[in-house]
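In my numbering, the protein residues as written are -5 to 386.
Hint data in this document are derived by calculation from the structure and do not stem from the laboratory.
There may be inaccurate statements among the hints.
Here are the computed lysine-lysine pairs in the DSSO-like style, where the Cα-Cα straight-line distance is at most 27 Å [to be verified]:
#  : residue 1 : residue 2
1  : Lys383    : Lys314
2  : Lys171    : Lys314
3  : Lys314    : Lys291
4  : Lys171    : Lys229
5  : Lys383    : Lys291
6  : Lys365    : Lys377
7  : Lys149    : Lys172
8  : Lys260    : Lys172
9  : Lys365    : Lys229
10 : Lys171    : Lys149
11 : Lys291    : Lys229
12 : Lys365    : Lys383
13 : Lys260    : Lys229
14 : Lys314    : Lys229
15 : Lys260    : Lys314
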Amino acid sequence: MLRSYVCATTVALLVACNGGEGRDDKNTTSTTLTTGGNSTSNGSATDSTTGTASATGTGSSTGTLFDVGEAETSAGTGPTCEEVTDTAENKLQPADIIVVVDNSGSMDFEANFVQNYLNTFSNQIIQAGIEAHVALISSYPGNGNGICINAPLGKPGGCLENPPDDNNPPSFLHIDKKVSSNSALQDILDTEPEWSQILRPDGSLHMIVITDDDSSLSAGAFHSMLVAINPEYGKYVFHAIASPEDPALACLQMTSCCLLAADQGKEYEALVNMTGGVFGNLCDQDFAPVFDAVSEKVVQDAAIACSWDIPDTENFDPDKVNVQFDDGMGGILDIGRVDDPADCPSVTDGWYYDDPANPTQILLCPQTCDKVQGFDNAQIQIKFGCPTKPAG
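Work out the full structure, taking the sequences as your base and the hints as a guide.
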């Protein structure tokens, strides 16, 4: 059962928790999941837990995520300065998800499941109030155990085209690449110029690999190479459906992995533990609970997105806007403006416009975004009318 979490900072950054009943995709009634430890800034795990899931669900969320109060007018510090304080709708951090499916000959059941369930998976996240972008790295049907995704995630009618084309940007990108038994991690790195196009600056990054084999690239090498491409990728969370057992040992012990696994997914399990993701046992052959657990993880980990649409206001002057954070416990933080996000590292706190020439959004610098998370009764106030204070 998926619970939708919307954790607070409000204007008021409010959160609602709802649950929804799901469905079993097969007759099998349970599957083994392992949740990696909470990741730290250097990518190491602090703990891990293993459990058995026996039900699936779809998430839902109701209620306002941002209290929009009445605009109020107050006298400014200068003789002709008058401020109007307003609030903008707050949103949860969007999620950018990369799904990689092994297209080798032994993966027919798994590929078919992903093809049929990816819409349900993405919808669970969307129903929790999180905007999801999905990139699928896989061949199309007819090239190994390929996949084509129907609407609404994929393009309507795209799988009926010849050749098939299910791309539906920006919410869904299909990278047409045949993934071999041991190449999933390398394929993620090789296709970065393509999947990076769907990423948002304020989005969380999740990766899911489904395979019955292990990677020829080690977990440590993958992590280092990914972060070398872009240090911001170091915040990713890795999930996998793979074998937790060596198939030779599984045959001696007469477990299900004897006939279903080509190799133990050691490198994938290591990445799950490094980043605090979800590990599902491929040998259970019941993947709906695994995908449900991943979607729940995406929702649980969603932070408040540190971007706000500029409210409609008369006589808007981009040089007469100020931003203030009220932590709800008596603490007030006046946040100054930087001209460009590249200036953020040189200031203690700051905000900037999405487009200085034609601004539609206010965004917080990363260090300020981190600072405003986790306050139950906090407010972000956007004030119009007085000269903008520069960041210091």
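Given the hint that Lys365 pairs with Lys377, test it: the Cα-Cα distance must not exceed 27 Å.
Holds, at roughly 20 Å.
Run the distance test for Lys260 versus Lys314: straight-line Cα separation, threshold 27 Å.
violated (56 Å)
Holds or violated: Lys260 and Lys229, Cα atoms, limit 27 Å.
holds (21 Å)
What's the verdict on Lys171 and Lys314, does the C-alpha distance respect the 27 Å limit or exceed it?
The given pair, whose Cα atoms are some 50 Å apart, is violated under the 27 Å limit.
27 Å limit on alpha-carbon distance, applied to hinted pair Lys365 and Lys229:
holds (17 Å)
Would the pair Lys314 and Lys291 pass a check requiring their Cα atoms to be no farther apart than 27 Å?
Violated. Lys314 to Lys291 sits at ~40 Å, over the 27 Å cutoff.
Checking one constraint from the list: CA of Lys365 to CA of Lys383, max 27 Å. Satisfied?
holds (19 Å)
Holds or violated: are the alpha carbons of Lys149 and Lys172 at most 27 Å from each other?
holds (20 Å)
Does the alpha-carbon distance linking Lys260 and Lys172 stay inside the 27 Å limit?
holds (22 Å)
Given the proposed pairing of Lys383 with Lys291, does the C-alpha separation stay at or below 27 Å?
violated (39 Å)
If you draw a straight line from the CA of Lys383 to the CA of Lys314, is it 27 Å or shorter?
holds (9 Å)
Given the hinted pair Lys314 and Lys229, is their alpha-carbon gap at most 27 Å?
violated (35 Å)
Comparing the model with each earlier hint shows violations of hints 2, 3, 5, 14, 15; every other hint is respected.
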